Amino acid sequence: MATETRTPVLSVRNLSTSFKTGDGWKTVVRDVSFDVNAGETVAIVGESGSGKSVTSLSLMRLLAQGSSRIEGEVFLNGKNILALSEKEMRGVRGNDVAMIFQEPMTSLNPIFTIGRQISEVLIRHKGMTASEARTETVRLLEKVRIPNASSRFDEYPHQFSGGMRQRVMIAMALASKPKLLIADEPTTALDVTIQGQILDLIKILQEEEGMSVLFITHDMGVVAEIADRTIVMFRGEQVEAGITEDIFLRGQHPYTRALLSAVPKLGSMADRKLPTRFPIVDVKTGEAAEPIELSDTVEKGKTPLLAVKNLITRFPVRSGLFSRQTGAVHAVENVSFDLFKGETLSLVGESGCGKSTTGRSIMRLIEPTSGEVSLDGYDVMALDPVGLRNLRKSVQMIFQDPFSSLNPRMSVGAAIAEPFIKHKLGTAKQAKEKTADLLEKVGLSADMADRYPHEFSGGQRQRIAIARALSLDPKVIVADESVSALDVSIKAQVCNLLLDLQQNLDIAFLFISHDMAVVERVSHRVAVMYLGEIVEIGPRAAVFENPQHPYTKKLMAAVPVPDPARRGIRRGISNDELKSPVRGMDYQPPVREYRQVSEGHLVQVA
Amino acid sequence: MPVYIGKRLLVAIPTLLIISIFVFSLQKLLPGDPILAMAGEERDPAVLALLREKYHFNDPVIIQYFRWLGGMLTGDFGISLRTNQPVLELIGQKLPVTIQLATMAMIFALLIGIPTGILAAVYKNRAIDYIANIVALSGLSVPNFWLGIMLILLISVQLGWLPASGYESIFVDPVRSIKTMIMPAFVLSTALAAQLMRHTRSAMLGVLSSDYIRTARAKGLSPREIILSHTFRNALLPIITLTALLFGELLAGAVLTEQIFTIPGFGKMTVDAVFTRDYAVVQGIVMCTAIGFILMNLIADVLYAALNPRLRASL
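Residue numbers (my numbering), protein chains in the order written: chain A, 8 to 613; chain B, 18 to 332.
By construction, these hints were calculated from the structure, which means they are not laboratory data.
Here the structure is a predicted model, which is why all the values come from computation and not from measurement.
Backbone N, C-alpha and C define an ideal beta-carbon position, used for all residues, glycine too.
Mixed in with the good hints there might be a few duds.
Chain B residues, not near chain A, derived (Cβ > 10 Å throughout) [as the list claims (entries may be wrong)]: (1) E185; (2) Y229; (3) F264; (4) T279; (5) V288.
Below, simulated SDA-like cross-link-like pairs (lysine to any residue); rule was C-alpha separation at most 20 Å, straight line [claimed, not checked]: (6) B:K141 x A:G29; (7) A:K94 x B:L245; (8) A:K27 x B:V139; (9) A:K560 x A:S496.
Simulated restraints, written as ranges between beta carbons of each label pair [to be verified]: (10) A:D507 x B:L27: 58 to 68 Å; (11) B:K141 x A:E300: 54 to 64 Å; (12) A:T34 x B:R143: 53 to 63 Å; (13) B:R143 x A:M96: 15 to 25 Å; (14) B:K141 x A:E80: 27 to 37 Å; (15) B:I148 x A:D38: 37 to 47 Å; (16) A:Q603 x B:L27: 52 to 62 Å; (17) A:Y601 x B:L245: 53 to 63 Å.
All chains, please: the whole structure from these sequences, using the hints.
Okay, here's the thing in structure tokens:
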């Protein structure tokens, strides 16, 4: 698709963006220059704070006026759009350049029909009448493969799933046949199978419409699949730009190499038996640290630390005049598994598959409907409130969001010491020593105990949350999407921390995640969940190298792999939606049968 | 939607029952004997006993409660101890006056509060925003009675533009009726307008920073379309809820305002009834107010649902 270049569609020269702060102007994007040619896809990749999104918003001039300053030149078809008046710029936005965003759930106005929201663009930029716009909107909805397009014109955003809303956003962006589409993390909030669909759709539409795409993302896998050329950004600067393949295989800048080494790559564990630490590459020198081999921590054969049998958790769905129960969300349906000391069992699956509910049901943070859970000698289902409190000494949880899971008004030292003190495990002095020790253990320093959460970065906060979970010396930690919200390089570090803790403390992890590549890296065993049930479970190597269940295969095929050889890969356009585990009152869960594929590798057959 | 309204009306029944018990027992617990108040100078025990018998004050309290409740269900709110008129008839005479005052005050409050709130949000941290906030704070801090008296002195006494007090039915002389109501309604509206302004401002700011407004801007829509259609329609939802809650404040404020401007309305009747221990009237007024308040909130919730497609679909 490398077209011979006459005038680039977009040409950015020395773009700098600053924001007004308490003490003057702070530059967040510095001296960025690049071109996007006709029909080309250019990716801007970077971690949070790299300035990639600010760059895209600067191009559209969507930053708040007054508190932001954009310098440099941005030529769109040879015309400098930074020199246009705000009124002229409105004729460019949504017309010559269109944009789609990360959050499909919130990017559409909830009180207008999706038809109206798309028509608006046609009426505004193409001067169509309402009825012309309606016909054209239906055509656009068909183009983005929304089933029954004409009947969905009058529906509201809440009636669409996340993936379908992103299709609506794309239809809206395509409405005025723009020369350039800016896609700011368009698939980040979507489930992996839906992400695959949207990436395919963007590729096909780009060919059909002949438009250029500027793709902003943090996901190296997505970059490898979609981009002709790639720009790597780091702390507001463009550190490297070039043909995607060159960036991946012959990256010059140390940061590029550090970023790529931290990216978990599905399939990279083929010849390994045990979980493996991520190689950490120094951002400044580009040198990789010596890999540390891990030893086998799993104590098989003994009684499992955690045994779950036929766990069922359902939530009633009520409706009508007297709120009668009319159905149930079958969040967890007949789930059984064991977890041994020093072992990591991962629960993987997409939204609504019941993986988080399973984790919470085991701790009775959510009351299960039925089943047996035995954890470190406790019969969990039979515990009274006092017993449940004692159970917390054996099992702790780490959550996804390191920003909201720490109390902002409590020093981190107090937060870490609190469980220890509340469970009366020692004196205040001992608690203080314990806290200092834990902070060191998670890679922070003891003198940070007096600081407050806002003084830490996301990765550091997740370390604090881990330290807090460790303060009761638990035997099992339920890690619910604990690394999902972190940047690639931080994610690699936190994963390494979890592996190190397992080496030193023999902790068992129930690792709940949607990220197949991370799961492959850290797990001993893997359970794939779909609609509340485990459809496949087994040793990590068996599940990843010899997947049996169709859903496992579909899930693995959908994961973007950071390998430029996969550029242009198509998965075959489909618009299957994720199914819902909401069932009517008369639903009888079928009796499932499992087939043994190899030792410990079971797959659901009926 | 009908199911939703039905459900809300069903929920209103226990609410009203609790209010009725509360009102009734409060009356019984209050010091002071209505019979003595009614009898005036008359202290003949025989007369007092007769009166007690006539108004069933000798019955057990529980019987008195159910007699009163049963009466209300059939439209009989009892007889005023003071004027011997049926309570419902008294309320029927005064209620239209207060409804007119409240409606005009609410219109003023909405007309002042919402547009200034929108302007303050759009011009956040600029001169308009600061001025609007200062005016709003004054609106909240200046006592009604002081503002009322000042307005009477300035506009009626000095300038002679509007009558200082009095009341004319809107059905008899609409122009005069509205003229006499302008000042009281304005005084009553100030605190409401200030609260509406502040809530409108924060609701608008919340919506303006949302992702879908960014989408609207990325589409190239004009500021007018973005503010009035995409933002305001969404910001309106919390404002509707607030407006219904302010209705209670409006009735409380009306009591004072009617005193200042000597308007013969509900508020004045309430004060008179409380002072003369006219139980039946006080009870009737509280029940009517409660029903009004519940109805206002029901209307607000229905409006809210009608404007919010997500709720509309689930009803």
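Taking the hints in turn, this is what the structure says about them:
{"no.": "1", "hint": "E185", "in the structure": "holds (43 Å)"}
{"no.": "2", "hint": "Y229", "in the structure": "violated (4 Å)"}
{"no.": "3", "hint": "F264", "in the structure": "holds (24 Å)"}
{"no.": "4", "hint": "T279", "in the structure": "holds (46 Å)"}
{"no.": "5", "hint": "V288", "in the structure": "holds (42 Å)"}
{"no.": "6", "hint": "B:K141 x A:G29", "in the structure": "holds (17 Å)"}
{"no.": "7", "hint": "A:K94 x B:L245", "in the structure": "holds (18 Å)"}
{"no.": "8", "hint": "A:K27 x B:V139", "in the structure": "holds (19 Å)"}
{"no.": "9", "hint": "A:K560 x A:S496", "in the structure": "violated (28 Å)"}
{"no.": "10", "hint": "A:D507 x B:L27: 58 to 68 Å", "in the structure": "holds (60 Å)"}
{"no.": "11", "hint": "B:K141 x A:E300: 54 to 64 Å", "in the structure": "holds (58 Å)"}
{"no.": "12", "hint": "A:T34 x B:R143: 53 to 63 Å", "in the structure": "violated (25 Å)"}
{"no.": "13", "hint": "B:R143 x A:M96: 15 to 25 Å", "in the structure": "holds (21 Å)"}
{"no.": "14", "hint": "B:K141 x A:E80: 27 to 37 Å", "in the structure": "holds (30 Å)"}
{"no.": "15", "hint": "B:I148 x A:D38: 37 to 47 Å", "in the structure": "holds (42 Å)"}
{"no.": "16", "hint": "A:Q603 x B:L27: 52 to 62 Å", "in the structure": "holds (56 Å)"}
{"no.": "17", "hint": "A:Y601 x B:L245: 53 to 63 Å", "in the structure": "holds (60 Å)"}
Hints 2, 9 and 12, counting from the list given before, are not met by this structure.
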